[in-house]
Each structure stands twice: as structure tokens, then as C-alpha cells.
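Chemist: Could you build the full structure based on these sequences and the hints that come with them?
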Amino acid sequence: MAQPVLVKQSFLIAVLTGAQALMPALVAVLTLRATVVLYGGVFDPATAVVAIVLCLLLIRPPREVSTQLTSERTAAVVGVIFQWSLVMVALVAVRYLTSSLDAYPRKVLVTWALLTPVALALGSLAMQEVMRRFLMSAFDNRSAVFAGYNASSLDLAKRLKRNPGMRIEVAGFFDDRSVDRLGMEPDNRLIGNLSDVAKFVNERGTDIIFIALPIRHIQRVMNLLDDLRDTTASIYYVPDIFVFDLIQARSGEIHGIPVVAMCETPFYGYRGVTKRLMDIAFSGGILLLTLPLLLVIAILVKVSSPGPVIFKQRRYGLDGQEIAVYKFRSMRVTEDGATIQQARKTDTRITRIGGILRRSSLDELPQIINVLQGRMSLVGPRPHAVAHNEEYRKLIKGYMIRHKVLPGITGLAQVNGCRGETALLKDMEARVHYDLDYLRHWTPMLDIKILFLTAFKVFRDDKAY
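Residue numbers for the sequence shown follow this note's numbering, beginning at 193 and rising by one.
It is worth saying that the hints were derived from the structure and are not from the lab. Mixed in with the good hints, there may be bad ones.
To be verified - In silico EDC-like pairs for lysine to aspartate or glutamate, Cα to Cα no more than 20 Å straight-line:
(1) Lys391 - Glu377
(2) Lys586 - Asp422
(3) Lys586 - Asp511
(4) Lys350 - Asp379
(5) Lys589 - Asp629
(6) Lys299 - Asp236
(7) Lys586 - Asp619
Modeler: Here is the structure:
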């Protein structure tokens with residue numbers, strides 16, 4: 193589903209989403225117990241276990257987190273009742289195939305079958321409202337612009353304005369034609385020409401760009417994408433559906449308007465929740481296991497040379513926003529200015545303890561705190577100092593796209609040998625190549641593979657210094 197999403201996932205969103213997934217099973221068990229009590233019977237755990245498993249398999253909440261803001265209540269109720277019907281069909285099949293569900297008379301099962309969908313509908317509406325209220329209050333509005341003024345872009349803009357729950361504010365349109373030629377409606381704004389899009393987006397920090405140029409102007413679309421390589425905005429192509437005779441077409445959509453994601457984070461909906469839960473679970477475990485080691489390293493850094501134990505450096509995080517990244521201080525200096533000299537193999541600024549920490553990557557351990565804060569991930573593109581970002585974004589096309597996800601303590605580039613000093617431009621280009629490849633092919637298993645490879649290679653990498 194190519195849908196603009198709330199990419200700034202939080203632990204609370206993960207908890208609420210998990211509660212949504214577990215709610216049907218909990219409601220089914222409670223209504224079963226209430227029905228048994230009503231008829232004066234004995235509660236049978238076997239039936240409850242089978243019902244829980246079937247509910248978890250067959251009753252699913254919306255896969256897109258942002259759908260909580262826009263889905264109709266009636267559709268949610270109808271959907272959960274239909275899914276409960278599938279559960280009952282499966283239960284009947286199990287009852288006839290085995291004798292494990294014969295503990296209840298037919299009247300108990302019929303009453304339970306009729307009572308549960310009512311409770312599920314009420315529970316679904318309640319959970320949907322809780323999620324809606326949280327999402328409405330937890331995130332700021334996102335700004336959007338349209339490159340191209342036509343029937344499709346105008347229709348989508350109107351639907352976004354009519355649905356404030358999407359939290360998307362339309363700033364205006366870009367087109368090479370004048371207002372008079374476009375016949376633009378009074379409540380719409382023409383910001384400038386298509387050549388002005390990239391500058392406007394960078395200066396205003398625009399979040400979403402909808403490209404709504406006709407498909408016959410594909411070269412202009414490609415040129416515009418090229419101009420937008422230096423932004424972290426999400427980019428979508430809005431095809432002009434009114435020039436096609438579509439039959440059983442399949443695409444993503446926003447309020448009924450087909451869109452094609454051209455540059456978006458891989459961590460949308462459940463994928464984002466999965467990523468965040470993995471980060472919390474793994475980083476929490478690593479922190480507990482390494483706590484004694486962290487204390488020992490902190491003492492060694494403190495007594496070995498003057499200066500702070502923890503070095504904080506400004507780096508680019510999600511969507512190119514500045515964050516403070518933590519490291520054990522490994523140098524006699526704490527550079528964080530407009531120009532920063534990268535560490536070299538014979539760098540005299542590195543302390544004796546710092547050299548050991550850097551070769552073993554133990555200086556990066558405090559970044560576990562960054563992960564728990566939600567500023568970083570265990571796996572993702574390594575964050576670079578702000579000064580280096582500003583240098584390389586001008587030299588490498590697509591460099592800023594790597595900031596569509598949280599930066600990581602380790603990444604695909606690092607386990608493929610792209611570590612240490614980037615003395616030549618091709619060294620950084622290779623690192624960016626792997627970072628973008630990670631965005632294209634992310635799966636939870638890829639993260640786990642990178643973590644294992646990192647643990648295996650961390651003490652064998654001669655590029656860490």
C-alpha cells in the first residue's frame with residue numbers, strides 16, 4: 193500500500209498495536225466464560241486455547257498504522273464480524289474433526305457465537321478511537337506540495353483537506369503554466385514553477401511531494417526526481433487515472449486516488465512497529481549484559497586522559513534532523529564544529545585506551561541509549577557528523593535518501609567492509625550504495641543477519657581505528 197505514513201513510530205504505538213491484535217482473543221475468552229457462568233456450566237480451557245489461536249490467526253487489525261486515522265467505523269465493525277464468522281466456521285470444523293471441544297452443549301456455543309461479535313464490535317470501536325486520539329495528538333502535521341496541477345492532483349488535494357485525520361496540510365501546487373491557463377480554483381495556491389520545487393522543499397522542510405505530471409512527460413518526472421535527490425521528503429507519483437481505462441487495476445491509494453511510492457521509508461505500518469520492538473528488545477538485553485563492561489570502560493576513559501567520559505557529537509538522524517550521538521571519548525579532542533578531521537590509522541589525537549575501544553568498536557556502546565531513546569536503531573545507515581553530511585550531500589547523488597530511516601549502530605555497509613576513514617570519494621560512494629540497498633531490501637531477517645555478522649567481524653576488522 194503506497195500510503196504516506198506516520199514514520200515516527202514510538203514504543204507506545206507498538207504497545208497499542210499489540211493490544212489491538214490481542215483484543216479479539218481476550219474478548220472471545222471473556223464472553224465464553226460469561227456464557228458458561230450464565231448457563232451454570234464448567235469452563236473448559238481447551239476450547240479457550242483453540243479460540244485464542246484462531247482469533248490471533250483470523251482476526252487482524254489494520255496493517256497500516258495511519259489507517260487508524262481514516263478508516264470508517266462501519267467498515268471496521270463489518271470487518272471484525274466477518275472475521276469472527278471465519279473463527280466460528282473453523283471452530284465448528286475442529287469440533288467435528290476432534291472430540292476436544294465437546295465440553296459445552298450447543299446452546300452455550302450458539303449464545304457465545306452471537307454474543308461475541310457484539311462485544312468485538314464495541315471493543316474494536318473503542319480501540320480504534322483510542323488509537324485515533326493518540327495519533328491525532330502525538331504527531332505534528334505534515335506538509336505536502338503537488339508538482340503538477342490537474343484533475344488527479346486537485347482531487348487528491350481536496351480529499352486530504354476533507355480528512356484532517358491524515359494530518360497532511362497542502363501548501364500548494366507547482367506548475368509551469370500560469371494561474372489563468374490552469375483555471376486554478378480560488379482556494380488553491382500556485383507556489384511557482386516545477387524548477388522551484390527542490391529549492392522550496394529544502395528551504396521549508398516539506399515532508400511529502402506528490403508528482404502529478406502526465407505519463408507522457410516522463411522525462412520531466414525523471415528530471416524532477418533528480419533535482420529532489422538532496423531532500424529527505426517522501427515522494428509519490430500520482431498517475432492521471434482519468435486518461436486510462438482501468439480494469440481490475442492494483443495500486444496503492446490515498447482516499448481512492450492511486451499513488452505510486454517513489455521514495456519512502458521501508459518502515460511503514462507493522463514493519464515500523466516490528467523494527468521498533470526488535471530495537472527495544474535487543475538493545476535492552478545488550479545493555480543489561482554489558483552494564484559491568486560499560487562501567488569499567490567509563491572508569492578507564494576517565495582516569496586515562498582529561499575530558500568527559502561520554503563524547504556527544506551532532507549528527508543527522510531521521511529525515512535529516514540533528515541528533516546528539518553518544519560515544520565513549522576515544523580522543524584528546526571533542527570536535528563538533530563546521531569542519532571535522534576524520535580519524536586516521538596513525539592519528540595522534542587517539543588516546544591509548546581510545547585506540548583499543550575504537551579497534552573493538554566498544555566506543556560505540558553508549559549508542560544503545562540512543563536506540564532506546566528512539567533516535568537511532570541497532571541496524572541502519574551509520575550517522576555521519578553534520579560537517580561531513582554537508583560536504584558529501586553536494587558530491588554524491590542520493591546521499592540524503594539514507595536519512596529516510598533511523599541511523600544505526602551498525603549497517604549493511606559496515607559488514608561489507610565499508611568502515612573507517614573515507615579518504616577517497618569512492619569510499620563514501622560505496623558506503624552510500626550499501627545504505628540505499630539496505631533501504632530497498634529491508635526485512636527483519638536482514639537486520640538479524642547484520643547483527644550476527646557484526647558480532648563475528650567486530651574484532652577482525654583492520655579498518656576500525
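Chemist: Has the given pair, lysine 586 with aspartate 511, been kept, meaning a C-alpha gap of at most 20 Å?
Modeler: holds (17 Å)
Chemist: Given the hint that lysine 391 pairs with glutamate 377, does the C-alpha gap stay at or below 20 Å?
Modeler: violated (25 Å)
Chemist: Are the Cα atoms of lysine 586 and aspartate 619 separated by 20 Å or less?
Modeler: holds (15 Å)
Chemist: Does aspartate 236 sit within 20 Å of lysine 299, going by the straight-line distance between their CA atoms?
Modeler: Given pair lysine 299, aspartate 236 holds - Cα atoms ~15 Å apart, limit 20 Å.
Chemist: Does aspartate 629 lie within 20 Å of lysine 589 when you go C-alpha to C-alpha?
Modeler: holds (14 Å)
Chemist: What's the verdict on lysine 586 and aspartate 422, does the C-alpha distance respect the 20 Å limit or exceed it?
Modeler: holds (8 Å)
Chemist: Within 20 Å, alpha carbon to alpha carbon, are lysine 350 and aspartate 379?
Modeler: holds (10 Å)
Figure legend: structure checked against the earlier numbered hints; the only hint not met is number 1.
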